[in-house]
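Those sequence lines, one after another, are chains A and B.
For reference, each letter of the first sequence is one residue, going 1 to 562 in my numbering.
For reference, each letter of the second sequence is one residue, going 1 to 109 in my numbering.
Watch out, some of these pointers could steer you wrong.
[Stated by the list, open to error] Counterexamples of contact, computed for chain A against chain B with all Cβ distances above 12 Å:
1) Arg37
2) Arg135
3) Glu235
4) Pro307
5) Ala325
6) Gly418
7) Asp430
8) Ser433
9) Gln444
10) Glu520
11) Ala524
[What the hints assert, rightly or not] If you anchor each label on the Cβ, the simulated ranges turn out as follows:
12) B:Ala58 / A:Asp255: 48 to 56 Å
13) A:Gly270 / B:Arg42: 53 to 61 Å
14) B:Ala58 / A:Arg406: 54 to 62 Å
15) B:Gly12 / A:Arg461: 44 to 52 Å
16) A:Asp289 / B:Ala101: 20 to 28 Å
Worth flagging that the hints you see were computed from the coordinates, not collected in a lab.
On a predicted model such as this, the values are computed, not experimentally measured, just so you know.
We put the CB at the ideal spot given by N, CA and C, even for glycine.
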Amino acid sequence: MSTNTATLPVGRYAYDQIDRTFLSQRVAQFREQVNRRIAGHLTEDEFKPLRLMNGLYLQLHAYMLRVAIPYGMLGADQMRALAHIARTYDRDYGHFTTRQNMQFNWIRLEDTPDILERLADVDMHAIQTSGNCIRNVTCDEFAGAAADELLDPRIHAEILRQWSTLHPEFAFLPRKFKIAISGSPQDRVAARFHDIGLVARPGPQGRPVFDVFVGGGLGRTPIIGVLLRDNLPEEDLVAYLEAIVRVYNAYGRRDNMYKARIKILVQALGVETFREKVDAEFALMNRADYRLEPDIVAGIRARFGIPALDAPADAADTLAAGRKADPAFDRWVRTNTHPHRHPGFTSVVISIKPDGGIPGDVTADQMDVIADLADGWSFGEIRVTHMQNVVLGHVRKDRLHELWRRLVAAGLGTPNIGLVGDIIACPGLDYCSLANARSIPIAQKLSARFASPELQERIGRLHINISGCINACGHHHAGHIGILGVDKRGEEFFQLTLGGSAGNDVAIGQIIGPALPEDETVDAIARLIDAYLVLRTEGEQFIDTYRRLGAASFKDAVYASA
Amino acid sequence: MDVRNNRRDLTGTSVITANRLLDGRIVWLTGTGWSETVSHARIIDNADVEATIKQIRATPDARRVIGIYGVQLDPTAAGVTPLTVRERIRAFGPSVHPEFAPVETSDVH
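One chain only, chain A, in its complex shape:
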């Protein structure tokens, strides 16, 4: 279809009337299902799969609605709609998740159809944010902006979204299925910890090719994904992924949910056998039906609004002068910005981790502030990161100081990205019905303990990840320091892992010893960090020191008082 480029939303895919009709019909369908449930015509067992297909869980205190943010991209108008939902239907809060989605924790079943209708008004939904299907495809939070990017991954993320949405073969897979895509040589999407991880780059004649990793994941059985195929041509992307998911659908275990993910299948068959089966399926397919021709890709690309990047020649000089004059601003620029492909611009990471705060939680008012700042500073475009922060992708360098002042005034100016205060934490036992222990209070105490920006910078890059149960929503296996909540006769204990990483140096953290009681955990981690500061050599980050020395030195510190 033709598109009016003047009105395209920057950074995200523009819906057309077909998309909107589909969403509207879907809301009407769910409204009818809710009515039938309330009237008693559907049992909970009958209704549960229907509500889960619309992102509605029953959690510890109430229903929880998970709203899809495709590959983490949303517009200011959409953020304002989320603020409205938080204010009207929740308790003034929303929560950014590690899947680049947003969750609301205090939703009423009765209100859910109205909420979905409000979402549909701004081209949003909650479809496939739950259930055993292909979930929201995640991608690099700096997509289309990063200086090191080789290829904008959002176009192919959108193609995969369209392919996987209500795919008739893949609506009831053995388990949930997660895909991430990166177009940068620096893995910022944890590609090797996904069911399928795609790393894209330009190939022959400039057409994209993909390295395909499969069978990675965290949870009960953490496994690093294996390279199944390199240099996959763009035209075969959908066909090859369909072949992978078909093999998984056919052979994945359905008798044991703990062994149902594709990572278990890949390990059980062996990589070579799994590859043979995928290749055999791929060979049988009529690839012409799936072929991504350049004009198809161009059609998708054409529906993404592109920012008009235009900055004064002295924008960088203005920024440099501002940094020199204001040390607090200088520190924030050091920690919370990322190099942009245009010399006059930068990408800004807004920390959703205030000192002592709840990682990922934002108030309705803060959502409105972020929307206003996106309109004023970044073409109305917002990105949600898998680290539970928010990115404004394209900010002019000479306007950065004023943006920072606005962020500080809204309580959104914490300078801690990549540092010890930038903790990933799942909702844990404060909200989640699966959790064994609380994650948030540990995150809050650690964040408050290391609140000093000077101390955080001195400690350097350090990723702390906290999960309230073995399902690992806080990605604890991938943290430099991972914290896993465990239940011992109804009381909370915490097990520490060290040495995990989700980046190019991918690694699974190793358990260092017995789990600690809740009231000893934060002190133990503080001793561990103190030990690192003593043990490190010049220029080392925590992960370097750990890899050089191993766990023994840290173990002594952790269990010093035990």
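With chain A fixed as given, assemble chain B onto it according to the hints.
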């Protein structure tokens, strides 16, 4: 049902809980209906919990709630206090938002 929801000792006392269908809120079985306030809950010997749940499930009223189960009480605590951290959080609200604690009212429905 989650095995944790059935984890009770042979002796001791429990209260019975569920989530309300319409809004998902936690409710506690009283002598006359369901309350949002745990202190209103009817205290039952553990030996009688399963039979009481069976009785409740047989009533038309049970359609208004989801996931009925018994919650062991802490015999050493003052007032009606669940034994486990999980159930204390359900009873008294998320520990990180004291303002979200259930409001004590006399409502029973």
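Hints numbered earlier in the text: which of these fail when held up against the supplied structure? 1, 7, 8, 9, 12 and 16
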